[in-house]
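> These are the residues of each chain, in order.
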Amino acid sequence: MTPDLLSFDHPLTRLVVGLLCVFAFVGLNGLVLVWVERKVAGFVQLRPGPLHVGPYGLLQPIVDAVKLIGKQLAMPEGADRYLYWAAPLLAFAPVTVCFLPLPFGPDLAPMRLNIGLVLILAFSGLGVLSLILAGWGSNNKWGLLGAARAVAQSVAYEVPLLLSVMAVALTAGSLDLYQITAQQGGWPWQWYGVKNPLAFFIFLVCAVAETNRAPFDLPEAESELTAGFHTEYSGMGFGLFFLAEYANMIVVSGVAAALFLGGWQGPFLPGIMWFLVKVYAILLLMIWMRWTFPRVRFDQLLNLSWKWLTPLALIDLVLVVIVAGFGG
Amino acid sequence: MTVSALFQEAYTGLKSLVIGLGITGKAFCQPGVTVIYPKEEVDNLSTFRGHVELIGKDEDPAVPRCVACGACVKACPSNCLTILCPVPAKEGEEAGPVVMGPAPQKGSKTPGAVIVDFSLCSLCGQCAKACPVDSLQFSDNPYMVRLDRREFQIDLLARLRRQAEQD
Ligand code: SF4
Ligand code: SF4
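Listed in order, the protein sequences are those of chains A and B.
Sequential numbering of the first sequence, starting at -10, is according to the numbering used here.
Sequential numbering of the second sequence, starting at 731, is according to the numbering used here.
Only chain A is shown next, with the shape it has when bound in the complex (with noise of 0.2 Å):
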């Protein structure tokens, strides 16, 4: 090892420390997000939700992720060996690389990409792979379907995401999340998100769907396919799963924090801190649609999509193009 490996400089040492980094933040936010995921379904429903591990039951999403590690894999006869466990590695490797080119503060990003966008989408398409892996090989019915929803449902959602993406990456000129950021500023009629709303509704919506997240979490849809691609899985298999879940919304709210409310510009705060506040601000909202909507029925989601999200974004899309090309 050369010494120029060991200075920070080095990019090899920066993607080993930025990803060392990004695995902490994924799992200390994957614990604070499973709390309070139970929380607000708890204080929604009129109960108080987790209470009795440790203050306000704090410590129960640690608890679990105990149970979760102490329990046996199982693997169902007729599986695939290789493709079954690969599945969960690959719900969760993608994720972290996705963490990468996010913006965390002025100063402060895993890594400074200039097509960071590009690299998020294109890994963020992996996670699907995932489940069609995970459906295909746990040699059961529900998987399967489940895995063929999985396909259709992104199949359907990248496009009007990438279009509503699209659109304010034309705005911006620049593919960088940190430039995309600076851009923007710190009030809300600075952000792209106020100022083309129909977009950064569009990425929400599909956000939503991408992460497969209630309404639109037919893939795992408890009441009819068990658990879907995953219903195979136990102990770290299904927690690794359940991570990647989380890891995703963090991304997606990142994104949509950066792309769309400014990312960590704002007054008086530092950087990190308004990122965090718009990311979580984000994660509230989705958690609370999942406890609001009921899940959507399959034709109705591919018609969303198809003939509304679609259209709207390409509709968008053109809008910013000719305001873009008057405007110079």
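Source of the hints: derived by calculation from the structure; they are not laboratory data.
Here the structure is a predicted model, which means the values were calculated and not measured.
Among the clues, some could well be false.
Far from chain B, by Cβ distances over 10 Å, these chain A residues were calculated [claimed, not checked]:
(1) Leu35
(2) Leu40
(3) Leu159
Derived lysine-lysine pairs resembling BS3-like cross-links, with alpha carbons at most 30 Å apart [what the hints assert, rightly or not]:
(4) B:Lys745 with B:Lys756
(5) A:Lys184 with B:Lys769
(6) B:Lys769 with B:Lys804
(7) B:Lys756 with A:Lys28
(8) B:Lys745 with A:Lys296
(9) B:Lys787 with B:Lys836
(10) B:Lys859 with B:Lys787
(11) B:Lys804 with B:Lys836
(12) A:Lys130 with A:Lys56
(13) A:Lys60 with A:Lys130
(14) B:Lys836 with B:Lys820
(15) B:Lys745 with A:Lys28
(16) A:Lys60 with A:Lys28
(17) A:Lys184 with A:Lys296
(18) B:Lys859 with B:Lys836
(19) A:Lys28 with B:Lys769
(20) A:Lys56 with B:Lys769
(21) B:Lys769 with B:Lys787
We put the CB at the ideal spot given by N, CA and C, even for glycine.
With chain A fixed as given, assemble chain B with the ligands onto it according to the hints.
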């Protein structure tokens, strides 16, 4: 479907989503209604439905109002109730040892045994509703625990006597 109708539908749909968020948002801010049991207890146990129990007569609480008519047995959709009463000796026959038969029995106005099998009961209340003399009601002990399902066959007459002694 015309375009305007389409947009009308989208508008009502979106509005209903916002209303839904409002409802859960309001519920989020309200205090919970769960009573966390070992620390606190509910104070309106009178509305609790335990297994059915007999009501005693006003003049003698150890004797049930029941007239052994068998209406409750007939009304119960789950066949939980068994009411036995002594079969009167037929005219001309000499009175032998007391034989118990299912209520109603002609000439028999007091139950000899009232058994409810709580493991079958669905707490529907049909028995109490059917009773012509208001002799049945729900008990109010929410803490009933047994180790064996046979112990849920409860002898209501004995229970009524115990209750009368305690008061
Ligand atoms: S409450 Fe209903 S089920 Fe229970 S004993 Fe009475 S009639 Fe039968
Ligand atoms: S309906 Fe009432 S009176 Fe008739 S047998 Fe049942 S408890 Fe007794």
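> Does each hint fit the structure? Answer for all of them.
Going down the list of hints, with the structure as the test:
Annotated as non-interface, Leu35 (chain A) brings its C-beta within 10 Å of a C-beta of chain B; the closest such distance is 5 Å. The claim that Leu40 (chain A) is not at the interface with chain B is violated, since a C-beta of that chain comes within 10 Å of its own (minimum 7 Å). Non-interface status of Leu159 (chain A) relative to chain B is upheld: no Cβ of that chain comes within 10 Å, the nearest being about 26 Å off. With a CA separation close to 16 Å, the supplied pair Lys745 (chain B) and Lys756 (chain B) stays within the 30 Å bound.
For the suggested pair Lys184 (chain A) and Lys769 (chain B), the alpha carbons sit about 52 Å apart, so the restraint of at most 30 Å is broken. Restraint check: the Cα-Cα separation between Lys769 (chain B) and Lys804 (chain B) comes to about 42 Å, which exceeds 30 Å; the hinted pair is violated. At most 30 Å may separate the alpha-carbon atoms for a hinted pair to count; Lys756 (chain B) and Lys28 (chain A) meet this at roughly 15 Å. Distance hint between Lys745 (chain B) and Lys296 (chain A) is fulfilled; the C-alpha atoms sit about 19 Å from each other, no more than 30 Å.
Between Lys787 (chain B) and Lys836 (chain B), the direct Cα distance comes to roughly 22 Å. Compliance with the 30 Å bound is thereby established for this hinted pair. With a C-alpha separation of about 18 Å, the suggested pairing of Lys859 (chain B) with Lys787 (chain B) holds against the 30 Å cut-off. Taken as a hint, the Lys804 (chain B) and Lys836 (chain B) pair is honoured in the structure, with Cα atoms around 17 Å apart against an allowance of 30 Å. Of the supplied pair hints, the one linking Lys130 (chain A) and Lys56 (chain A) holds, its CA atoms being roughly 27 Å apart against a limit of 30 Å.
Restraint check for Lys60 (chain A) and Lys130 (chain A): satisfied, since their Cα atoms lie roughly 24 Å apart, inside the 30 Å limit. A C-alpha spacing of about 10 Å is found between Lys836 (chain B) and Lys820 (chain B), which places the hinted pair at or below 30 Å, so the restraint holds. Restraint check: the Cα-Cα separation between Lys745 (chain B) and Lys28 (chain A) comes to about 26 Å, which is no more than 30 Å; the hinted pair holds. For the suggested pair Lys60 (chain A) and Lys28 (chain A), the alpha carbons sit about 25 Å apart, so the restraint of at most 30 Å is met.
Our distance criterion of 30 Å between C-alpha atoms is met by Lys184 (chain A) and Lys296 (chain A), whose separation comes to about 24 Å. Our distance criterion of 30 Å between C-alpha atoms is met by Lys859 (chain B) and Lys836 (chain B), whose separation comes to about 23 Å. Of the pairs offered as hints, the one joining Lys28 (chain A) and Lys769 (chain B) holds, with about 20 Å between alpha carbons and a cut-off of 30 Å not exceeded. Taking the CA atoms of Lys56 (chain A) and Lys769 (chain B), the gap is about 27 Å. The hint holds against a cut of 30 Å.
Using a Cα cut-off of 30 Å, the hinted pair Lys769 (chain B) and Lys787 (chain B) is violated, with the two alpha carbons roughly 38 Å apart.
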